[in-house]
Amino acid sequence: MISVQPIIQFDNFSFQYTSQQKPTLKNINLVIHPGEKVCIVGPSGSGKSTLAHCINGLIPERYNGEISGTLSIAGKVADSFSLFDRSSVIGTVLQDTDSQFIGITVAEDIAFALENTMIPQREMKGRVLDAAIQVGIEGHLQHQIFELSGGQKQRTAMAGVLVNDIEILLFDEPLANLDPATGKSAMALIEQLHQQNNKTVILIEHRLEDALSQSIDRIILMNHGEIIADMKPSELLKTNMLAENDIREPLYIRLLKYANVSLQQLEKVDKAEEIIFQNYREEILAWYKANVTTIHDKKILEPPLLTLESIHYTYPGTKEPILKNIDFTCNAGEFISIVGTNGAGKSTLAKCISGFEKVKKGVVRINNEDVTNESIKSRAEKVGYVLQNPNQMFSQTKVFDEVAFGLRQRYFSEEMVMEMVHGTLKVCGLYPFRNWPISALSYGQKRRVAIATILVLNPSILILDEPTAGQDYKHSKELMTFLQTLTTQGTTVIVITHDMHLMTEYTNRSIVIHGGEVIADCKPSQVLTNPELVRMANLKESSLYEIALALDLAEPFELVERFIQFERRVALNGK
Amino acid sequence: MANEMLGFIERDSFIHRLTGATKLIVFILWSTAAMITYDTRLLVFLLILSSILFFLSKIKLNEIAFILAFILFFLLLNNIAIFIFDPNQGAKIYGSETRLTGTWWRYYLTSEQLFYQINITLKYIAVIPPALLFILTTQPSEFAASLNKIGISYRLSYAVSIAFRYIPEVQRDFKTIAQAQQARGIDISRNEKITKRVKNVVAIIVPLIFSTLERIEAISNVMDMRGFGQHKKRTWYVGRNFKWADMIAIAVCGVLVGITVWLFTVNEGRFYNPFH
Chain X
3 MISVQPIIQF
13 DNFSFQYTSQ
23 QKPTLKNINL
33 VIHPGEKVCI
43 VGPSGSGKST
53 LAHCINGLIP
63 ERYNGEISGT
73 LSIAGKVADS
83 FSLFDRSSVI
93 GTVLQDTDSQ
103 FIGITVAEDI
113 AFALENTMIP
123 QREMKGRVLD
133 AAIQVGIEGH
143 LQHQIFELSG
153 GQKQRTAMAG
163 VLVNDIEILL
173 FDEPLANLDP
183 ATGKSAMALI
193 EQLHQQNNKT
203 VILIEHRLED
213 ALSQSIDRII
223 LMNHGEIIAD
233 MKPSELLKTN
243 MLAENDIREP
253 LYIRLLKYAN
263 VSLQQLEKVD
273 KAEEIIFQNY
283 REEILAWYKA
293 NVTTIHDKKI
303 LEPPLLTLES
313 IHYTYPGTKE
323 PILKNIDFTC
333 NAGEFISIVG
343 TNGAGKSTLA
353 KCISGFEKVK
363 KGVVRINNED
373 VTNESIKSRA
383 EKVGYVLQNP
393 NQMFSQTKVF
403 DEVAFGLRQR
413 YFSEEMVMEM
423 VHGTLKVCGL
433 YPFRNWPISA
443 LSYGQKRRVA
453 IATILVLNPS
463 ILILDEPTAG
473 QDYKHSKELM
483 TFLQTLTTQG
493 TTVIVITHDM
503 HLMTEYTNRS
513 IVIHGGEVIA
523 DCKPSQVLTN
533 PELVRMANLK
543 ESSLYEIALA
553 LDLAEPFELV
563 ERFIQFERRV
573 ALNGK
Chain P
1247 MANEMLGFIE
1257 RDSFIHRLTG
1267 ATKLIVFILW
1277 STAAMITYDT
1287 RLLVFLLILS
1297 SILFFLSKIK
1307 LNEIAFILAF
1317 ILFFLLLNNI
1327 AIFIFDPNQG
1337 AKIYGSETRL
1347 TGTWWRYYLT
1357 SEQLFYQINI
1367 TLKYIAVIPP
1377 ALLFILTTQP
1387 SEFAASLNKI
1397 GISYRLSYAV
1407 SIAFRYIPEV
1417 QRDFKTIAQA
1427 QQARGIDISR
1437 NEKITKRVKN
1447 VVAIIVPLIF
1457 STLERIEAIS
1467 NVMDMRGFGQ
1477 HKKRTWYVGR
1487 NFKWADMIAI
1497 AVCGVLVGIT
1507 VWLFTVNEGR
1517 FYNPFH
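Line by line, the protein sequences are chains X and P. Under the numbering used here, the first residue of the first sequence carries the number 3, and numbering increases by one thereafter. Under the numbering used here, the first residue of the second sequence carries the number 1247, and numbering increases by one thereafter.
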């Protein structure tokens, strides 16, 4: 066997940020060969992003810290391999699709790296076109980047690193900001670059099931700054290591495990479509029959809390309405998810409900009172809207003052403020942090503070825009469980999300928006088992649906429903 | 919203087709000529020529009404200030005094002062069209390339153009943050006392600064990773070479500056004096 020189090699590598007490990476030993495709998974704070910074050179050039051990990239020792020189070998595509663009048009942004290496214009135009063709964005070269969809933006970012004939493509959470269908085609494109252009691909992603929609050579599982596992996907999926380290296992794997199917007897388990579920029909059906759904669809007789009557909305200065004829009602204590493509109008709908945008055509009623023309301030006492980026909400230094801000603006007495803020902080699990500076909190804690600042005003409806974006499974679960407890206390919670799993696992009702209209309003499990809806709204069918089809179940969504209820029971009773 | 802002307006005109660098050079030469001369005949000529250029650019007046009103307001303010500070400036310059009105305290109007201030107004108005045309007809992406072409360092040029590029994003952030803070109860309208209002504006500015700093960190990391600043020079994807039209435009403006300087000798100074 010919031994190939590794393209990336970490030897007893450790790294400690100057500002941190403990090392973020501990004793890393990792070898990646040219042409491999690996996926690095791990919960937040596991060190996976730091590992990526070490590879692309942001460490040590942008972030200071102490390094021990060695790292070599493409045969060069990392210490003497500058950020600039690395840019001709490694291309990094960031998760935030908006912050990585420098040029105004697609072509210009792709050309950026070439301009910096003084490539003459004539040659540059050819290379930009080549790179654009590789990712299929050549039809949009003259378009401005802000007009593009999320998927097109990501393609532009890829082309921007492919113009240099790089060997390694590094993706930092490529799926985080994409809707499920676009995410699927992004994975297919990455696979194509891997296969046809023989690039080494490193993916950092915690949405493992979606990442596995294309084959991956190895999964590297990290936690607490160490590599826990470095195995082939099938081998890793057969163990319980993913679940133990707070990584969401694919749904079909979980179902097989619940049904007590021995995964060891299967050869490959990394792709649902390659497993012949018919062979385990007996086990799965036994589980299915043992877990009949408990129907507690209580018919609600009380008058609706929120009513939208034929809402139309057009942004000032534009002609096309973004919302068309939206009608819907909801009751106290419901947990609703709004899903759909980027740009379908989800956020606009949330802003219309919360009064951020003034509705000019249509009526918004809360508790049967017409609130369409109310000011933002008084609407906020009924509907709270939590922005996606918590940092956009904070203006105070201390946690207590931040949460108290809204009350103090409304001239509550200091005693009342104290009582209400403490109460809210306890509900949110932030009471021990009340005197902390906000900047010292983790991202997940900041999200909670953001929610607390809204919750303290005691709104009857709480709307959250992408509450789990950029958070790992553990924190997402904690947050959604917390929101669920709020609904049991009578608050209606509406979340806008791309995460199909959270939608099905936690919410009781899904509203699917497409082209500014509500195209479905039903149970989450029904959305994901309706191919027509899935296609229209750029969603992705659940792998459980495929199993239900393979087993010829009469009601495919029943399997999903029973699965969800089973998991909820497990979660309630502890592990 | 876009129209209230000063930005690129896409049209098909020969002015749009000139390179950004040409328009910048023309603007600089043109304003040099208009700034140094007080020769009324030349200023009137420049004014007529720049109005024709503006017409040829196919940009409509109402598209820039807001910014134009803004400039004219300052022009008026400037004229009033000149008169208040020194109503005899004209008389001193032209060496004669033709009173048109009676005296009120130290103020009276002379033909010389009137003529002087008319010249100042002409200077302003002759410079406005080329300045606006540079901004309105240059693709934002060509901006940095044009600045770099006339010798400004590419780092500085890029800083300017990236600022332009991010203005709309920061505006969007501002809107979102302002809405979120209003929901929490702050009022920045006139209903609130001024001290409270200032405090409330701070509640919007602080998160805006922090979220902008986040953006800056991300973008500067990306620029580093894509090799910005590794060489003394860089090339430009959108940069264009000069064509005949560009050469002619620059040459014409060079001649204009020449005429301006020549008029100095004819008029024996910067001022054209009709009072002799």
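Keep in mind the hints are simulated off the structure, nothing from the lab. Careful, some of the hints might be misleading.
[Claimed, not checked] To give an idea of the interface, some chain X residues facing chain P are shown, with a C-beta separation under 7 Å as derived from the structure:
| # | residue |
| --- | --- |
| 1 | F86 |
| 2 | Q102 |
| 3 | A115 |
| 4 | Q123 |
| 5 | N375 |
| 6 | G425 |
By construction, the Cβ of each residue, glycine as well, lies at the ideal position given by its N, Cα and C atoms.
Now the hints, each set against the structure:
no., hint, in the structure
1, F86, "holds, 4 Å"
2, Q102, "holds, 5 Å"
3, A115, "holds, 4 Å"
4, Q123, "holds, 6 Å"
5, N375, "violated, 15 Å"
6, G425, "violated, 18 Å"
Hint compliance for this structure: hints 5 and 6 are broken, all remaining hints hold.
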